[in-house]
Every structure is written in structure tokens, then in C-alpha cells.
Amino acid sequence: MKRLAREWVIKAEGDFAIVERECRARKNPSYDGACFHAQQCAEKYLKARLFEAGIEFAKVHDLVALLNHAVAVEPGWELFREDLAYLSDFAVTYRYPGESADKQAADDARKRCRKFRLAARAALEMEAK
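Residue numbers (the numbering used here): 411 to 539.
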């Protein structure tokens, strides 16, 4: 794997660890944080795969826009369009006053992130873990 793709993966795994931790927390969980980091994990895995394939992409947080590039090398990822669109909203939605995530939203974001993460790791020829 190319060095920068590996760095994207390392960052994605950091975000995934936060999602897992916040969704399991019994005391003062940050559901907003879990949702945000689920989006970030998916974004970084998309960027890792694009970089690995030599596909240029804009500096965006829109997961569907990134997916539109990625399906050229990972056509099966089309199955994740709905999940990625759902996660994409968390890049901004809960980061500012006015809306907050609840446990159900965080658990849903976690589930969708996990599914995409497994597919991305497989595409990058990494163990499932």
C-alpha cells in the first residue's frame, strides 16, 4: 500500500476507535462525536482507496461525491450509497448548536460505518479486524 494511503487508513482507524468507544460509553457518551467520527472514518477510507488507485479527488467531506469517483475501481461500493449519504450529513449536522444525536442515531451511524469499513479494508487487501 502507498504511504499516504496507509496514513489515511491510520487516521480512519483512529476515528473508528472513537466511534466504538463513544457508543460503548456508559458515563457521558458523546453521541454527536460518535456520529461525526463515523462520517470521518468512512471519508478517510474512501480517500485511502482513491489515493491507492491514483484517482484525484477534491478536498471535500461529501461521501457521495467521493463515492462517485470510487465506483470506477470499486463498483460494488454502489451498495453503500445510501449508507454513505446518511453518514455524510454528520460532517456538519451535529457539530454546531441546534441539533444533537441520540443513542439510536449513534448506533445507526456505527453500524453503517462498520459495514463500509469492512468493505474498504477488503478492497485495500487488509484483514477484517
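Calculated from the structure, these hints are not laboratory results. The structure presented is a predicted model; accordingly, all values stated were derived computationally and were not measured. Idealized CB from N, CA, C, for every residue including glycine. Where hints are given, some of them may not hold.
[Claimed, not checked] Once the Cα atoms are required to be at most 20 Å apart in a straight line, the calculated PhoX-like pairs of lysine-lysine come out as:
1. 513 with 437
2. 513 with 525
3. 421 with 437
4. 421 with 513
5. 513 with 539
6. 539 with 437
7. 469 with 437
8. 525 with 421
[Said to hold, decoys possible] Label-pair restraints from in silico Cβ distances:
9. 414 with 481: 31 to 37 Å
10. 488 with 437: 35 to 41 Å
11. 514 with 416: 32 to 38 Å
12. 535 with 510: 37 to 43 Å
13. 524 with 502: 31 to 37 Å
14. 502 with 466: 31 to 37 Å
15. 536 with 507: 35 to 41 Å
16. 532 with 434: 30 to 36 Å
17. 499 with 467: 18 to 24 Å
18. 502 with 538: 38 to 44 Å
19. 506 with 486: 24 to 30 Å
20. 414 with 475: 34 to 40 Å
21. 521 with 472: 34 to 40 Å
22. 438 with 472: 42 to 48 Å
Hint by hint, here is what the structure shows:
1. At most 20 Å may separate the alpha-carbon atoms for a hinted pair to count; residue 513 and residue 437 meet this at roughly 13 Å.
2. A hinted pair counts as satisfied when its Cα atoms are at most 20 Å apart, and residue 513 with residue 525 qualifies at roughly 18 Å.
3. Under the criterion of a C-alpha separation no larger than 20 Å, the hint pairing residue 421 with residue 437 is inconsistent with the structure, at around 25 Å.
4. A distance of roughly 24 Å separates the Cα atoms of residue 421 and residue 513; the hinted pair therefore is violated under the 20 Å criterion.
5. For the hint linking residue 513 to residue 539, the alpha-carbon distance of about 24 Å lies beyond 20 Å, and the restraint is violated.
6. This hinted pair does not check out: residue 539 and residue 437 have alpha carbons roughly 26 Å apart, beyond 20 Å.
7. Straight-line distance between C-alpha atoms of residue 469 and residue 437 comes to about 35 Å, which puts the hinted pair past the 20 Å bound.
8. Restraint check: the Cα-Cα separation between residue 525 and residue 421 comes to about 18 Å, which is no more than 20 Å; the hinted pair holds.
9. At roughly 21 Å, the beta carbons of residue 414 and residue 481 sit outside the given window of 31 to 37 Å.
10. For residue 488 and residue 437, the hinted distance range of 35 to 41 Å is satisfied, since their beta carbons lie about 40 Å from each other.
11. Between residue 514 and residue 416 the C-beta distance comes to about 34 Å, which sits within the given range of 32 to 38 Å.
12. Range check, residue 535 to residue 510: Cβ separation about 38 Å, and the 37 to 43 Å hint holds.
13. For residue 524 and residue 502, the hinted distance range of 31 to 37 Å is not satisfied, since their beta carbons lie about 22 Å from each other.
14. For the pair residue 502 and residue 466, the beta carbons lie near 24 Å from each other, so the given range of 31 to 37 Å is not met.
15. At roughly 38 Å, the beta carbons of residue 536 and residue 507 sit within the given window of 35 to 41 Å.
16. Distance hint check: the CB atoms of residue 532 and residue 434 are about 25 Å apart, inconsistent with the given range 30 to 36 Å.
17. About 19 Å separates the C-beta atoms of residue 499 and residue 467, a value consistent with the hinted range of 18 to 24 Å.
18. Distance hint check: the CB atoms of residue 502 and residue 538 are about 30 Å apart, inconsistent with the given range 38 to 44 Å.
19. In this structure, residue 506 and residue 486 break the distance hint of 24 to 30 Å, their C-beta atoms being roughly 35 Å apart.
20. Between residue 414 and residue 475 the beta carbon distance is about 20 Å. The supplied range of 34 to 40 Å is therefore violated.
21. Between residue 521 and residue 472 the beta carbons are some 21 Å apart, a value that contradicts the proposed interval 34 to 40 Å.
22. Separation of residue 438 from residue 472 is about 31 Å and departs from the stated range, judged on CB atoms against 42 to 48 Å.
This entry does not satisfy hints 3, 4, 5, 6, 7, 9, 13, 14, 16, 18, 19, 20, 21, 22, going by the numbered hints stated previously.
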